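Residue numbers (my numbering), protein chains in the order written: chain P, 1 to 110; chain D, 1001 to 1112.
These are calculated hints, taken from the structure and not from any lab test. Values in this document were obtained by computation on a predicted structure and should not be read as measured data. Every residue, glycine too, gets a C-beta built ideally from N, C-alpha and C.
Lysine-lysine pairs mimicking BS3-like chemistry, simulated, CA-CA at most 30 Å apart:
{"no.": "1", "chain 1": "D", "residue 1": "1018", "chain 2": "P", "residue 2": "42"}
{"no.": "2", "chain 1": "P", "residue 1": "79", "chain 2": "P", "residue 2": "102"}
{"no.": "3", "chain 1": "P", "residue 1": "42", "chain 2": "D", "residue 2": "1065"}
{"no.": "4", "chain 1": "P", "residue 1": "42", "chain 2": "D", "residue 2": "1071"}
{"no.": "5", "chain 1": "P", "residue 1": "102", "chain 2": "D", "residue 2": "1065"}
{"no.": "6", "chain 1": "P", "residue 1": "42", "chain 2": "D", "residue 2": "1069"}
{"no.": "7", "chain 1": "D", "residue 1": "1018", "chain 2": "D", "residue 2": "1057"}
{"no.": "8", "chain 1": "D", "residue 1": "1057", "chain 2": "P", "residue 2": "42"}
{"no.": "9", "chain 1": "D", "residue 1": "1017", "chain 2": "P", "residue 2": "42"}
{"no.": "10", "chain 1": "P", "residue 1": "69", "chain 2": "D", "residue 2": "1057"}
{"no.": "11", "chain 1": "P", "residue 1": "102", "chain 2": "D", "residue 2": "1057"}
Rough simulated footprint, nothing fancy, chain D against chain P, three-plus residues with beta-carbon under 8 Å:
{"no.": "12", "stretch": "45–53"}
{"no.": "13", "stretch": "90–97"}
Far from chain D, by Cβ distances over 10 Å, these chain P residues were calculated:
{"no.": "14", "residue": "11"}
{"no.": "15", "residue": "12"}
{"no.": "16", "residue": "24"}
{"no.": "17", "residue": "57"}
{"no.": "18", "residue": "58"}
{"no.": "19", "residue": "61"}
{"no.": "20", "residue": "63"}
{"no.": "21", "residue": "69"}
{"no.": "22", "residue": "70"}
{"no.": "23", "residue": "109"}
Okay, here's what each chain looks like letter by letter:
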Amino acid sequence: EDQVTQSPEALRLQEGESSSLNCSYTVSGLRGLFWYRQDPGKGPEFLFTLYSAGEEKEKERLKATLTKKESFLHITAPKPEDSATYLCAVRNQAGTALIFGKGTTLSVSS
Amino acid sequence: EAQVTQNPRYLITVTGKKLTVTCSQNMNHEYMSWYRQDPGLGLRQIYYSMNVEVTDKGDVPEGYKVSRKEKRNFPLILESPSPNQTSLYFCASSSVAGGELFFGEGSRLTVL
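Produce the complete structure using the sequences and hints provided.
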């Protein structure tokens, strides 16, 4: 069964304190791992797609990496505006849906 | 501006009163999908559509219907809503099935 597990559920950081969010997945033949950001009361906003182990993508203070079993979202020197829920998803085996993890809620205080 | 538009954004209704949540996208995407988001359960797919007149069930389709008569529109129909359908609903579209999804702003539905 295709499955995505994210950890931790919640993470509190001080401004400037770097950290990483984890996304472990189980899917036969990965055909895309996606990271989204979701602000309260809003729809998820696309951040990155990764396709193969070793791939990395960066956007401002965020960097996503991928191994054969998991992905990490590294947040370098976060700011309060980075506070949000970060969702990880994989394309299901049938290619008909994205399977989402439950998310990590990040709070960055100044 | 590329967007997925859902209406209504907020709705309170009563058990058994039929309702429709509309969804429209302006990106000429072939693939569209509905998800519901519940605390502790995350996003779960309700229905999806690969193209006009082609729809299929997702993981939690019970109590819902959809139609895809035009490429841009994908309404979600609750024929007889029940309290367990109280949730936050998202419509999403993509140029290809299983690709990067573009989400609407969400529709928060409460069924009393």
